[in-house]
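Student: Given the structure of chain A, go ahead and fit chain B onto it with the hints provided.
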Amino acid sequence: MIRRHCVLGLSAGLAALCSSGLARADATGGDPFGSLQWPDLKREFFGAAPVVFDERVQVRGPAFAEDPMNVPISVSATGLADVETLVVFVDRNPIRKVLEFQPLAALTSLGFRFKLEQASPVRAAARTRDGVWHVGGTLVDSAGGGCTVAGATRKDGSWVQTLGQARGKLFASSPVGGENASRLRVMVMHPMDTGLVGGIPAFYVNRLAVRDAQGRELLRLSTFEPVSENPVFSFDFPGRVAGGLRLTGTDNNGNRIDSRIE
Amino acid sequence: MKSLAALLPMAAFAAPVAQGTPRVDVARLDYGLSARALAPGVWVVEGANADFAVANGCNIINTGFIATGKGVVVINTGPSRRYGEQLRALIAKTTAEPVVQVIHLNLHPDYFLGNQAFADVPRLATDATRAGMAREAKAYEDNLYRLCGDWMRGTEAALPTGTLALGPLRIGEREMELREYRGHTDSDVVLVDKASGVVFAGGLVFAQRIPTTPHAQIGPWLQSLQAFAALPVKTLVPSHGPVRSDTTAVGQTQRYLQWLDRSFRQLAEQGAEMNEVLRAEVPAEFRGWAAFGTEYTRNVAHLYPRYEQAVLKGAKP
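One line per chain: the protein sequences are A and B, in this order.
Under the working numbering, think of the first position of the first sequence as 1, with each following residue one higher.
Under the working numbering, think of the first position of the second sequence as 1, with each following residue one higher.
The shape of chain A in the complex, shown without the other chains (with noise of 0.2 Å):
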């Protein structure tokens, strides 16, 4: 689409808004990555709201996916005050929510892990508490087949063996936040299937929280299709944390999650 703008503003004679920012600006709402499908994204996870991009949300990733399976994305947005809500959606995948994260007493930092269909921008969207969207993003490079490949714990069905089992560590200081933070790191035995696979319907985990000795809730997390097999997450929060953490949660077929932490 951009390159036929170019043509028609050729044999126009305007050839210097080709290569100016301003044509490209025109198709894809200013979007950073020149993706002709930013408007409909806008919309279709903003609504109305109102939408900045904003290099205080970070998003960190390969430049191509060597393992289309699992993509590793970490996203910080410790530098912008009163995140409410963290959203990650990936332009060109079948499905395109990944994640939604409510840091509540956590750093509004996480990573993971995703299967990417193909070469696609990857985002992340913290809405703060004045109810604006600040989005920031990566792109990645990738052969494709992520989303629509059984994985293999699928493949051999050894994921009946330790399904919804989760196991967590937590880290003296954190890459992150340094000496004066924590970090956390869970990982959730699940198939996470997709439905996109022939006969596979979907099944994934689609709720967690970590929660404190008191039963408290110090981070919310809902997950989607899109998320890796066995997915590893990593959190970081400010200060020590005080022990006896759990992970809770729910799958899509209501199985439960329920893991102390040690």
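Source of the hints: derived by calculation from the structure; they are not laboratory data.
Nothing here was measured: the structure is a model prediction, and the numbers come from that model.
Think of the CB as a built atom: it goes at the ideal place given N, C-alpha and C, for glycine as much as any other residue.
Nothing false has been slipped in among the hints.
With a cut-off of at most 27 Å between alpha-carbon atoms, the simulated DSSO-like pairs for lysine-lysine come out as follows:
id: 1; chain 1: B; residue 1: K313; chain 2: A; residue 2: K155
id: 2; chain 1: A; residue 1: K97; chain 2: A; residue 2: K155
id: 3; chain 1: A; residue 1: K155; chain 2: B; residue 2: K138
id: 4; chain 1: A; residue 1: K169; chain 2: B; residue 2: K313
So the derived list for chain B, only partly shown, Cβ under 7 Å to chain A, looks like this:
id: 5; residue: L278
id: 6; residue: L312
id: 7; residue: K313
Distance windows between CB atoms, simulated:
id: 8; chain 1: B; residue 1: G251; chain 2: A; residue 2: G244; range: 45 to 51 Å
id: 9; chain 1: B; residue 1: G251; chain 2: A; residue 2: E44; range: 51 to 57 Å
id: 10; chain 1: B; residue 1: D246; chain 2: A; residue 2: G178; range: 41 to 47 Å
id: 11; chain 1: A; residue 1: G244; chain 2: B; residue 2: Q223; range: 38 to 44 Å
Tutor: Below, chain B without anything else, positioned relative to chain A:
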């Protein structure tokens, strides 16, 4: 491994060791292959020390061939049908002997995707390698067509026809030795030409290049290299990177794998996630090697999950 030292006479052909990067012609899909004699009757055909790219024809492998007096043994057949054809033509130009056998040193794509040009001769690999090739062939084709484009035209995986017998291999007047190790893959074959001391090290050794790890296990790989480093090698032909008349490349591969193991272990124990590992500090020596930008990213994708799971599960990787 003790016996192998005795098999390699130190006084042999003084091999030139300059690197022969091919002159690639992308428009004509000509790999510009050339055969460089490492010893009488032993030739290497050198690829670029780089990552797969259209500009280098995805020719990043060193293949080779040995004239035995009773025919030519070909070591690996390159990344495409076209490569195989050009290699076969080069062999015919270099020696009057016919090709009698192909040997595949491991299961990776550029070790056998040129096989269509050798459809009329036995093509041998170990059972583990044969099984691996059969399992991965489709994915290799897809991936290389995507990465290399037109260079791959007409390429279809032609699998080995038989199982490689390990140990001494005598053809004509040529005495060779086939040794099986593991770690780079489940079956890494090393071919030693006894008279000349030329060693085709396959994927176990990377010279001035970041090792590839899609089927790697670092522990067994390092053990294999330990045995390997003791050999009085006259000329070492790694599958990737320059040919040398010493074992510097063995040390390079060891240093890299040891560092990778240590670094991944430490990062996992600190709770690092993959993007932090991708951006962790890498010693300058390794950053200067070929394919660093892409291959380290792959190393992390292939291997780091084992280390983080070991920390999360409280077991050893």
